[in-house]
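**Student:** Work from the hints to combine the two standalone chains into their complex.
Line by line, the protein sequences give chains A and B.
Using my numbering, read the first sequence as starting at 1 and increasing by one per residue.
Using my numbering, read the second sequence as starting at 1001 and increasing by one per residue.
Hint data in this document are derived by calculation from the structure and do not stem from the laboratory.
Wrong hints could be hidden among the right ones.
Unchecked claim - Below, simulated BS3-like cross-link-like pairs (lysine-lysine); rule was C-alpha separation at most 27 angstroms, straight line:
no., chain 1, residue 1, chain 2, residue 2
1, B, K1082, A, K270
2, B, K1317, A, K147
3, B, K1024, B, K1317
4, B, K1038, B, K1055
5, A, K270, B, K1282
6, B, K1282, B, K1093
7, B, K1255, A, K270
8, A, K270, B, K1055
9, B, K1282, A, K41
10, A, K270, B, K1218
11, B, K1282, B, K1323
Residues per chain are reported as follows:
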Amino acid sequence: MSTKKSLIKEAPLLEVKNLETAFDIEGTDYNAVDNVSFTVKPRQIVGVVGESGCGKSVMSLSIMKLLPKGIGKIKSGEVIFDGINLEKMTESQINKIRGKDVSMIFQEPMTSLNPVFTIGYQLQEVLFNHMKITKKEARQRAIALLKSVGISRPEKIVDEYPHQLSGGMRQRVMIAIAIACQPKLLIADEPTTALDVTVQAQILELLREIQSVNDMSVILITHDLGVIAEMCDEVIVMYAGRIVERTDVDTLFHNPKHPYTTLLMGAIPKMDETEERLSSIQGIVPSLTNMPKSGCRFAHRCPKAMPECFTITPKLEDVEQGHEVACLLFETSKPKEGVR
Amino acid sequence: MSTVSVHKKEKNSSSQSENLLEIKNLKTYYPVKGGFFKRIVGNVKAVDNISFEIKRGETLGLVGESGCGKSTAGRTILRLLKPTEGHILFDGKDITRVSGKSLREIRKDMQMVFQDPYASLNPMQMVGDIIAEPIYNFSRKSKDELKREVMDLLDKVGLPPDAYYKYAHEFSGGQRQRIGIARSLALRPKLIIADEPVSALDVSVQSQVLNLLKDLQKEFDLTFLFIAHDLSVVKHMSDRIGVMYLGNMVEISDKDDLYAEPLHPYTQALISAIPSPDPRIKKERIILKGDVPSPINPPSGCPFHPRCPMAMEECSKSKPVLKEVKPAHRVACHLY
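Chain B extracted, bound-state conformation (with noise of 0.2 angstroms):
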């Protein structure tokens, strides 16, 4: 598998190219159903229209308030959710449409590490069979090889040897998300996509995972999705951020980029609206009015517009698109 540094290798050379997975116009709707017949009266654009790369060995944060998609993006990725529209491209292949079998076979390099680790860990299950069991599912191999991979996953996301035997309820929130991030990584996946991975967790305790990510990153080569709600761990972990609003992506851009000069006016008030741990800095803050719109029915063109402290005329007409303002810093808005 290649380095990091791969960034300068010519492109399509065979099929490592410098982009792990590439995302084209995708769209997830959820019908709405209705009436005495259940008929599809709507649609709940959870994604709609979004289009971003990872680049192999990099963190792609995804950001954004509750109900923005963020979730649903990285469910669909995954496969776990049919996509509406748009194309998928993982290590060079259209994954969009494949099921069955080859679908199977890609699942083996793209994991997920869930928000609850208490909801997420099968709790009539020992954690050795609950690490074992993606292994098992995908080759052959003794109980003992079995039993040495587990323990040596068990040893990767620093936990005691004897846990192999208890059950989930025996650990706490902390210890649990490493269970789940052994799981995730049984298989030496390419991609994981980590859904609010530390979300349920104490500071404390959300450092710890936090720094075991990055190191497990570094030692198996690894390329995250790292899906959260909260700014500053986003920032902690990502190399390049991408800033969802109701189901589009506002803001992309490298992360320092993106502190130091947010574009977009949503972006603007997200990172003025979080609390800064130093009494002394007080903040000039942004505050938005009101709650996100159900995307049901969302707004009609910006969907950030009716928020919006600089919102002009042409913004409820028509939807601004994504477009690079500056290098490597694309922004989906009027202003620019």
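Isolated chain A, as found in the complex (with noise of 0.2 angstroms):
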């Protein structure tokens, strides 16, 4: 499919450019997401992955513009969907495209359900929002929507309310509200990491089914990278609110440049090996507050960091076709450009 989708250049469904998403700390402007620019392609799946607190959520918070009013606040940057700026609109006008156009998954399905209200409530409110539609016809279309997401007994589900359901199902119900208007973007933010393994994989290939058959574009947050090599075909690597990596999904796993993403790579236990050592990160992600100043913001726990790591901020860059790294390692071999 990618290698025919390459031949015509397709115009990008999502593009953010130079997005700057900034939280007020007692009087202080703090950049969670700094200087963030990337594309979704029509029927892609993109995934952004990071440790906690790396600025995934507030992203994709900022692209729905869904960020907790009076505190966090978009600075600069635009966000292109299908060729309207999301950014310039009023809050009438982006509810018209929420919901709809795009649409998000959150990652308790818990807290993201309304604990008084039906299942059908909760799924004919997004169809009365978008579509014309009489009770009796969103009371069918929730019961169709139901039953696509693979809910067995959807009739009698559609009037039960959330605590009556697994994790599993309501994370499935989640999935039908979000697809209900077929949207063209879905966001899922850490879509199965509250589930076990073996919903994980329901989940997950329950996503990837809509997927292929609403043509829909996905981008999926998440920390687990099994997850990331399962499901996606271009991934964004984050680190304290900036993009340090972006390629392929294939190139990611078998050639990472970046120092961050070579050693989030080695942390993860492997069926396949018998290492005794898991390879390990000294220090944590900084804090807003405790950003560095300037420079690599993962300079300080990098173990290849050298002195002017601490002073230069790299900027994203290919190294090579389509594989853009955020490094100084890589921006001084920048002229060899096309060696392979």
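**Tutor:** As structure tokens, this is what we get:
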């Protein structure tokens, strides 16, 4: 599929340009997302990976304009979805797009469903918001949607409350709500983190199926590299609010460039290896208020850090065709292009 | 204390038998109360007749989905929960029914590392006091001695000495888990039960904690019961692995044997469900239908049969027992 696509240059579905999202902490702005640019093509699954506190979720909330009011704001940059700049839209304009063309699945299926309304009510709410539809039709569509996400006895579940369902079922309901209006872009923020492996496998399978049936693009945010390897076409590695590496999934796993990516790969215990010790990354992701003021934000944890890493901020640039890395180790070797 | 290589030593030479812990037909039920008089109307069979043993110096991993009873098993062994039936033999002694003073004595030798590093540390206590508390509880030591010992422990788990005067909220998740580990080590126990010690942590931090646990095991001759739901983590840590499903032990074996040739259909599905961190490997996946049934009303026969792709007629009628199919590889399934 991807070889065919590259022949005709398709216009990207989502284009994020120099996005900067800041949080106001005691009167000072701190950038949680710092100068992030990327694109999502139609029908593409883009994975975003990084440790907690890397700005993955804040980035997705910025795209949806769902940042907590008064605390978080988009300082600069553009989010262009299907040719429209979302950042310039008013609340009522964006409400027409949110849930219809772009929708989102959250991490915790327990807290993202309203406990006092039935599953059917919450499903129909989306339908009434975006479609002209009668009550009876809406109910039928809700049942059909529940069926399409693999819920058995949908006629009964429709009248049940979230607490009556298991975690996996709730996540299926969340997916049903998200795909109710057949969105072009689905942002899934850690959709399987709270679930068991066997249920995770079910949900990932379901997402893949829906993606191919609906011709949807997906941004899949996760910290699990296994999920990334299974699901994605392209991967964005984030660290401390910045993109450090971006490439297709095969290159990322077989030829990672950025020291952070390499270390992250080494830190997961692998099933087919019998190594005694895992590689680990010293220290933790700096908190927003303690971000290094200049230079590469990973420098103080990086085993390959050079003196200039602490002063010069590396730019995200092509190392090879379609393989962008933000690291000074590679910026110097930049002129040697076309070397494979 | 003996080293790991006691395997060939004769059994029952004094009290130093090969097994540090033996669990025989352990059952832990939680009563379900209902009705006007809050009568017991049923039981949640959280742990339903499991037997296994842990050798000295080894790590036994316990895996299974949430609600399969692995944490309940861990807590029952520590006697934090009251076993309904069965026997727990620790270091040659039956500790199933001990109470009071003698239970306190036993607790010195078995400690726990909890899952949530945020909830398991007292926010009002200094880290130094958190770690000192178990020592203070069991021995009369002067303040200076106590402090020296705590400092030593902090150093062992890789925390700076000034952590002594700080509070739990000043630390990150990984560091908090180190504090929890230091506390569990304070009394130099023989057995540590680690209940999902890394599931709340990021991969990079997770690997630090896993490495630390392995180092400490060597240094202190520890025996681990390692409870987790992440199969690759369990594989990395354990020597042998037990797979639990709905309160039952369905398979127990050497780790390499278990991953190379899982016998129980549930284990097969569980292993196939792990996303592999290599996009070039396309695995044949067994996708299980449905969720884990409620342990209040478990299915008849084999608890796994409603979800089992290989279920036969017999499976719904009689419950399979754990039997040795290959050397050191036991499985509870009618297929074998």
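**Student:** It remains to establish, for every hint, whether it holds in the given structure.
**Tutor:** How the hints compare with the structure:
With a CA separation close to 37 angstroms, the supplied pair K1082/B and K270/A exceeds the 27 angstroms bound. Distance restraint check for K1317/B and K147/A: the Cα-Cα separation of roughly 31 angstroms exceeds the 27 angstroms cut-off, and the hinted pair is therefore not satisfied. Using a Cα cut-off of 27 angstroms, the hinted pair K1024/B and K1317/B holds, with the two alpha carbons roughly 24 angstroms apart. A threshold of 27 angstroms between alpha carbons decides the hint, and for K1038/B with K1055/B the separation of about 43 angstroms lies outside it, so the pair is violated.
A distance of roughly 15 angstroms separates the Cα atoms of K270/A and K1282/B; the hinted pair therefore holds under the 27 angstroms criterion. Using a Cα cut-off of 27 angstroms, the hinted pair K1282/B and K1093/B is violated, with the two alpha carbons roughly 49 angstroms apart. Taking the CA atoms of K1255/B and K270/A, the gap is about 13 angstroms. The hint holds against a cut of 27 angstroms. Restraint check for K270/A and K1055/B: the C-alpha separation of about 25 angstroms stays at or below 27 angstroms, so the hint holds.
Among the hinted pairs, K1282/B with K41/A is consistent with the structure: their alpha-carbon atoms are about 24 angstroms apart, no more than 27 angstroms. For the hint pairing K270/A with K1218/B, the CA-to-CA distance comes to about 22 angstroms; that is within 27 angstroms, so the pair holds. With a CA separation close to 33 angstroms, the supplied pair K1282/B and K1323/B exceeds the 27 angstroms bound.
Of the hints listed earlier, those the structure fails to meet are numbers 1, 2, 4, 6 and 11, in rising order.
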